[in-house]
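In the order they appear, the protein sequences are chains A and B.
In terms of this note's numbering, the first sequence opens at residue 1 and continues consecutively.
In terms of this note's numbering, the second sequence opens at residue 1001 and continues consecutively.
Just to be clear, a hint being listed does not mean it is correct.
[Unchecked claim] Pairs of lysine to any residue, SDA-like flavour, derived with a Cα cap of 25 Å:
| id | chain 1 | residue 1 | chain 2 | residue 2 |
| --- | --- | --- | --- | --- |
| 1 | A | K213 | B | V1149 |
| 2 | A | K196 | B | E1168 |
| 3 | A | K196 | B | P1094 |
| 4 | B | K1163 | A | V204 |
| 5 | A | K191 | B | K1057 |
| 6 | A | K98 | A | W59 |
| 7 | A | K213 | B | K1163 |
| 8 | A | K213 | B | L1134 |
| 9 | A | K213 | B | T1032 |
| 10 | B | K1180 | A | Y210 |
| 11 | A | K143 | A | T62 |
| 12 | A | K213 | B | F1182 |
| 13 | B | K1180 | A | I211 |
| 14 | A | K213 | B | P1094 |
| 15 | A | K213 | B | A1078 |
| 16 | B | K1180 | A | K196 |
| 17 | A | K196 | B | F1182 |
| 18 | A | K213 | B | F1143 |
| 19 | B | K1163 | A | F199 |
| 20 | B | K1057 | B | G1068 |
| 21 | A | K191 | B | P1094 |
| 22 | A | K143 | B | L1090 |
| 23 | B | K1163 | A | F203 |
| 24 | A | K213 | B | I1053 |
| 25 | B | K1163 | A | K196 |
| 26 | A | K213 | B | E1168 |
| 27 | B | K1163 | B | F1106 |
| 28 | A | K101 | A | D118 |
| 29 | B | K1180 | A | L215 |
| 30 | B | K1127 | B | G1068 |
| 31 | A | K213 | B | M1172 |
| 32 | A | K213 | B | L1090 |
| 33 | B | K1127 | A | L215 |
Derived from the structure by calculation, the hints contain no laboratory data.
For clarity, every value in this text was computed on a predicted model and none was experimentally measured.
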Amino acid sequence: MKNKKIIIAFFQITILLLSSPYFFSQEKIESKEDFNMCKNYYKSGEYDKAIKCFSDVIWKATNTNLITNAHVYLGLTYYTIGDRQQARNHLISAIGLKPDKYLDQVDFSADFINFFRDIKPEFVGIGYIESTPPNAFVYHNNKIIGATPFKKELLPGEFSLTIVKWGYPPIEANINIMNNEITNLSIDFSKQKSWKTFFRSSFVVIALHYILKLL
Amino acid sequence: MKKTLFILVTIFFAISLARPENLTLYTGRATTQVSLAGVSVGGDIWHFLGMHIDMFKYIKPDETLYSGVPIENRGDFAGASLNFVLKIPLHLIPYLHRLEFIQPYFSTGYGFGLENLAGEYLKKPDKDGNTIFLSKLIQYDSFGCGLIVMLTENFGIKFDYRKLSLSENEKMVYNSRSFKRFSIGICFGSYKDKIKK
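The following block holds chain A by itself, in its conformation from the complex:
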């Protein structure tokens, strides 16, 4: 009797978990399918339908990549019908969501890519972080965003970073990104404390320990 209850409870929990958005997101799949459908509208020249469709995806989707791509394609659609202002607005929105967004020549025409490239520097700056020795992790908001030497397009503003090189103490650094500019940040770990200095100190302590005993 007790086992039966446990089995029923187990099935109920399993069904509950499977129906939860964490395990199976119907909404995400629908948005992606919608996105592909929107692209088909664009490819077949049904620009009004494509505009409405991409706008719906932006409204419905929760995935940042999908929203960014929808903005880019909406920009492309407006660009194709000659509405440069609307195209620009949507590309700016895409850059705001993903400053390091780049357009692939396979999917977009050279004209549109150039249009995008002209807009981007107005809203994005480049942060270049290098370290001695290299291969230090760059953390922003407790998440690794890359390893040195590190180059990333970022929205203008001040970013607090933690640069972590194993064997050295972490270094906290601020980088001030300005649009259309490359901001460099060089970190020198070699002058900081490290395992090497720890072993030197260990040697000193051991020596002192015995000297004090000998005195």
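With the hints as your guide, set chain B onto chain A.
Chain B alone, transformed into the frame defined by chain A:
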């Protein structure tokens, strides 16, 4: 003379190099079944190497050495020692860089103590009949380890365990003895290693 000179030179050297002052107020218990309280002051003198002057005193007398006769009473103990502290940089281990607030360490020290601070005791003659105060001093070595958990950048809790080996005092004909002590205290002063650029 050599010892005193060496300790003085080291203290001056340490004071000139010491960076943030670290202060610990602690209380603890020794294996001699006594409670003790103390203070430790010091700072870093090199990478991961600190130097602390530790002073402590029994709060209650050690029953085994206690005597109702003030001149014979050795149940108290007050000592001061110079300690070299080697901090173990856990946060340099891969994936543990966030653990810089946990600071394990080893310490080794050298100090002197008195078993009774009463005036009568300090005038007690040694085996040669001299009543000088210095003959009552007992040299001791301390060796131990501990853990500091920083709760904020400048405030933390310190757990300390050390063994104190008291040397034989030939002049007073006191045997060597040792005891272990565990203490818990609050410490002030930045132990943080994170560098701002």
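Q) Is it true that the CA of K213/A sits at most 25 Å from the CA of F1143/B? A) 11 Å, holds
Q) Within a Cα-Cα threshold of 25 Å, do K98/A and W59/A meet the stated pairing? A) Measuring from Cα to Cα gives roughly 17 Å; hence the hint holds.
Q) Taking only the CA atoms, is the gap from K143/A to T62/A under or equal to 25 Å? A) 20 Å, holds
Q. CA of K191/A to CA of K1057/B, is that 25 Å or under?
A. 41 Å, violated
(Q) Checking one constraint from the list: CA of K213/A to CA of P1094/B, max 25 Å. Satisfied? (A) 36 Å, violated
Q. When you check the alpha-carbon spacing of K191/A and P1094/B, does it fall within 25 Å?
A. Holds, because 19 Å separates the two Cα atoms, which is no more than 25 Å.
Q) Straight-line Cα separation of K196/A and F1182/B no greater than 25 Å? A) 31 Å, violated
Q: Measure nothing beyond the straight line between the CA atoms of K143/A and L1090/B; if it is 25 Å or shorter, mark the hint as holding.
A: 21 Å, holds
Q. Given the proposed pairing of K213/A with M1172/B, does the C-alpha separation stay at or below 25 Å?
A. 21 Å, holds
Q.
Hint check: K213/A vs F1182/B, CA-CA at most 25 Å. Holds or violated?
A. Holds, at roughly 23 Å.
Q) Within a Cα-Cα threshold of 25 Å, do K213/A and T1032/B meet the stated pairing? A) 24 Å, holds
Q | Pair hint K213/A and A1078/B, alpha-carbon separation not exceeding 25 Å | A | 21 Å, holds
Hints 1, 2, 5, 14, 16, 17, 25, 32, counting from the list given before, are not met by this structure.
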